[in-house]
Structure formats: C-alpha cells, structure tokens
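Number of protein chains: 2
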Amino acid sequence: MNDMLISPRPDDARLTHRVEGLDQDGRAIEVAVPVERPLTLYLNGQEVVTMMTIGDYPDYLALGFLLNQNMLRPGDTVTSVDYDPEIETIVVRTAHRTDFEEKLKKKTQTSGCAQGTVFGDLMERFDEIRLPADARLGTAGLTRLLKAINTTPSLYLEAGAIHGCVLAQGDRPLLYMEDVGRHNAVDKIAGYMFRHGIAGADKIFYTTGRLTSEMVVKTVQMGIPILVSRSGFTAWGVELARKAGLTLIGRAKGSRHIVLAGAERLVRDDA
Amino acid sequence: MNDMLISPRPDDARLTHRVEGLDQDGRAIEVAVPVERPLTLYLNGQEVVTMMTIGDYPDYLALGFLLNQNMLRPGDTVTSVDYDPEIETIVVRTAHRTDFEEKLKKKTQTSGCAQGTVFGDLMERFDEIRLPADARLGTAGLTRLLKAINTTPSLYLEAGAIHGCVLAQGDRPLLYMEDVGRHNAVDKIAGYMFRHGIAGADKIFYTTGRLTSEMVVKTVQMGIPILVSRSGFTAWGVELARKAGLTLIGRAKGSRHIVLAGAERLVRDDA
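Each protein sequence line maps, in turn, to chains A and B.
Just so it is clear: in the first sequence, position 41 is 41 by this note's numbering, and no numbers are missing.
Just so it is clear: in the second sequence, position 215 is 1215 by this note's numbering, and no numbers are missing.
For reference, chain A alone in the conformation it holds in the complex (with noise of 0.2 Å):
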C-alpha cells in the first residue's frame, strides 16, 4: 500500500472504539471514536508527567517527550524503557543521572510544573541551533506529499477527533503519527528518530496542528529546517521561526498555502 517506515493504523481494535449514539434525526447510530489513556512518565525514578495518549508508541512517546523537554541530551545513553499497561506507566533509564533530574528536584521548590521549569532552558537551547540553509522544498513537491498525506488512510479519516504529524523527505511521508495530543503526535516522531539515529536536516515536518510557539520550538529542536501545517498561525510562532531560520508554512492544502517565515527554502517550480 506504501513504503512509509510507520504508518497510521485504523484497523487496529485497540486504538478506537464503537460507540452507540443518535444522529440529529434521532436514528440509532454507531460511530468510531480514538481511545485515550492516561501514560505516566518516569525518568530514573522520578515522576514526571502523565500525559493522555492513544497508547500506541508509547516508547517513542516518552522518549520524544523527554528530548523535547530538553529533559534528554541528545547525547544521553538510554539503557532501558519499561512500559507497563496494567499501571499505565513508562519508564526511561539512562547510563548517568540526567541534568533534568536535579534541576527538577530544585525547581520544584518554587514550581508546581516540569514543563514551566524548563522553559527557560528550552530558549537557551534554541538560540543556539543553527538550521541548514540550503535545505529546498519545491511548490510541485509540497502539493504532491499533502496529497499523499491526505490520501493515507489513518485514524483520522476513521474516526476523527486525532491530530496528525508527518516526517517527510522531499514529497515522501516517511513516518506518520497519531495522537488525542498533537504534541504526543510530535514527540512519538522525536522518540523514533532518536531510537533509530534519523537526522532532521534534509527533513520536512508536518502537522494538522498550528502553528504554535511550541510546535516551532519542538520543530527547532529536532533539526528540521521546513514546517508545514494545514492550519493557521500564532504570532509568537512566526516571531520564532523568523529568529530560528525555520521556513513555516501554514494553511497548506491542495496547491495553496501561505509562507510567512523562511521563504528562501520554497522553490516555485510547479508552474
């Protein structure tokens, strides 16, 4: 059917259910709807998050979650992620206690979030990616990988209700994720490219998301110098695109689109 490394799965019992209900004209109907569970995160001892997920993936999801959080250096060595259903926790070990885990017990004096903590940190670390600038998207290209998107059957089109994100290169989805969280969408792609050592630069992410600042920041932080969305803008999202030489494209579907960061990237050969 297609040549993408993951792919959404539908047909899967476990990610949607049936449920009964009545239409507008009050008819018995019965309609899928994606499962969401809760997935608590572990880092060598220590809680860090419980996140609502569809469950699949939830290796990729801790760990891209970790590294998104610049909770994990990219430089880390994992030595092992424990998944347990029955208590619906996860939990990554790594060689040597983490940076996260002190900032984490000290923060926490002042600080009832993880993911407020490190905010700061996340700006820090950002400033100093430098995103490839010869990287080059072209108009023909971005037309035919939103259809190949679009035509993939998933979730989405099942059951709705799902965000979903794409890692391509030129106009081939090579992985595509599903999520109830788009951000899980995200970290789940972040997680497999580390897992299996996939670079970002000659990549090109997409989202069903918008464009956030958190969506550019995560985007940054994967190395990858093209973000497309089918949705629209933040103006804080833009603002840091502009600053990272990230090219973001929104409102992308068939042949339209509009570019408001980056524009240098996007060759016009479609005509």
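Simulated from the structure, these hints should not be mistaken for laboratory data.
Some hints here could point you the wrong way.
Within a straight-line C-alpha distance of at most 30 Å, the following computed DSS-like cross-link-like pairs (lysine-lysine) qualify [what the hints assert, rightly or not]:
| no. | chain 1 | residue 1 | chain 2 | residue 2 |
| --- | --- | --- | --- | --- |
| 1 | B | K1253 | B | K1243 |
| 2 | A | K253 | B | K1253 |
| 3 | B | K1253 | A | K147 |
| 4 | A | K147 | A | K253 |
| 5 | B | K1147 | B | K1253 |
| 6 | B | K1147 | A | K253 |
| 7 | A | K243 | A | K253 |
A few chain A positions that, by computed beta-carbon distances, are all more than 12 Å from chain B [unchecked claim]:
| no. | residue |
| --- | --- |
| 8 | D3 |
| 9 | P10 |
| 10 | P132 |
| 11 | D134 |
| 12 | P153 |
| 13 | D171 |
| 14 | F194 |
| 15 | I198 |
| 16 | D202 |
Ideal Cβ placement from N, Cα and C applies to all residues, glycine included.
Dock chain B against chain A, hints included.
Same frame as chain A, but now just chain B:
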C-alpha cells in the same frame, strides 16, 4: 450588535498582529495572526504553571484554571488577583491557605507537574457531582444557538488558529471567550462564572475543541449539564460523560449533530 456579557474582540489590536508573507503564487500578502503570550500563575506565593494565552482576561483565566484544577474550591475567599503585564505574572491570594498548597508541597517530592498530581483529586470530586436531570435543550434552539455563535464577529473569523468557548442559556450566547489554548477559553468562562456568581445548572457549554476527557471533566466541574462541540469525541470523553450523566453533543454544524451521552435532555422540536 449583540447582548452578550462578553463577546470576542476582533478589532482589539493587542490580540492580533498583522504579519507579511507570501501566498502559493509568491505574491506578497499580509495576514492577521492571534498573539500568544506566556503568563505565569502564582497561588499565595506558590508558582503553579506557565500558560500560553492570548492575554485578554488574565484574571478570569487565573481563577478559572485554579477552580478547574480543584486548586481553589468554590468556598475559598479570594482576597486579591494581581496581574503584572510587564513580568507576565498573575498572583491569586486567598483569605486562608488552600488545601492545594499543602498537597503541592508534599507531592512535588515525587512529581514534576501540578496538573498530574491533582488528576486523582479531580476524578474523586467528579464522582460526587450530580448534574440536574431536568435540564432540556430543543434541537431547534440548538440550531439557532450554533448560528448565533458562528455569525458573531470573532478572532477566529479574523485570524483563525484560535479556539472558542461559549456559555449559553437556551439559544442565547452569554459569554464567548477565545484563546490560543482551548483549555484557556474554558477556564476564562469558569473564572467569570466564579467572580460573578453565575450558576451552571441551567446553562449549555459550547466549544470548538474536541470532546476529550479533560473537556468533559471541566464541564462537569462547572456544573453544566449539556456540552456541545463542532468537533468529535474521544472514547474516554464519552465514557466519563455517561458516568456523570452529562449530555454530550458532537460534530454539531447547522442542524446536524451526534449525541453520544445523555440524549434524554435533547428534545426534538425542529420537525
């Protein structure tokens, strides 16, 4: 124009920026994008969370967040809410030290995220809440309500990339809040209701966001018996709504919708 207590402010220059870019044909265009600012919330000297918000109504947002997380109880006396736009912080002070502060002090030993720690408490209180069984909504009124919402000038119509929530009574929207984070829009309404003593029992809640577990929990916490969305459902959202006796109406557009829980409150009167 309308008789809402609060309605969107698409003309407020503080809420959108105009940004230059290119369209698919390489033509220079200018688009409006919603702003997104960090806001760090403190409760009596304890840092709680940093939120990304459009920045209108920081006081309602702060109060609503604390209420919906059960960090503030309806009986607590709020003595002051101090917003400092320069350092992007808001401090809520109560007459007595709240339960939450003790909990957070204890819990931060094992958990990095306040939102994670209070989830158990949320579910605990959730089981005790009884929503009014006699509340009713007619399908004709629902169609009128959807039309009233969708034809109200809004940041969504102006700039997109934003979520909206509406508190309504019958077919009449009372409060229409928008925010870049959909949970912020809900929390701003909860904060307004708390500040002005508005009851939820005879109201309807509308959201542009999906009907997830978190959305259902927040609506039940607010004591509102009917939740409507133009988006779809998650399985856990449906399960929790059925457990709580909440009426859950999704994919609501024009005169179309699907009801997956509490169908007895929806009266078919549009024939």
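*Minimum Cβ distance from P153 (chain A) to chain B greater than 12 Å, as the annotation requires*: 17 Å, holds
*Checking the smallest CB distance to chain B, is D3 (chain A) really beyond 12 Å?*
28 Å, holds
_Checking a non-interface call: every C-beta of chain B should be farther than 12 Å from the C-beta of P132 (chain A). Is that right?_
At roughly 21 Å from the nearest Cβ of chain B, P132 (chain A) sits farther out than 12 Å, so the non-interface label holds.
_Check the hint pairing K1147 (chain B) with K1253 (chain B) against an upper bound of 30 Å on the C-alpha distance._
At roughly 9 Å apart (the allowed maximum being 30 Å), K1253 (chain B) and K1147 (chain B) satisfy the hint.
*For D134 (chain A), is the shortest beta carbon distance to chain B beyond 12 Å?*
D134 (chain A) is indeed farther than 12 Å from all Cβ atoms of chain B, at 20 Å.
*Starting from K1147 (chain B), check that the Cα of K253 (chain A) is at most 30 Å away, please.*
Holds, at about 26 Å.
*Please confirm whether D171 (chain A) is truly not at the interface, meaning its C-beta sits more than 12 Å away from all C-beta atoms of chain B.*
Answer for D171 (chain A): holds, closest chain B Cβ roughly 16 Å.
*Taking the closest pair, is the beta carbon of I198 (chain A) still more than 12 Å from chain B?*
28 Å, holds
*Is it the case that F194 (chain A) keeps its Cβ farther than 12 Å from each residue Cβ in chain B?*
21 Å, holds
*Pair hint outcome, K243 (chain A) versus K253 (chain A) [Cα-Cα no greater than 30 Å]*: 26 Å, holds
*Given the hint that K253 (chain A) pairs with K1253 (chain B), does the C-alpha gap stay at or below 30 Å?*
22 Å, holds
*Holds or violated: K147 (chain A) to K253 (chain A), with C-alpha atoms at most 30 Å apart*: 9 Å, holds
Comparing the model with each earlier hint shows no violations; every hint is respected.
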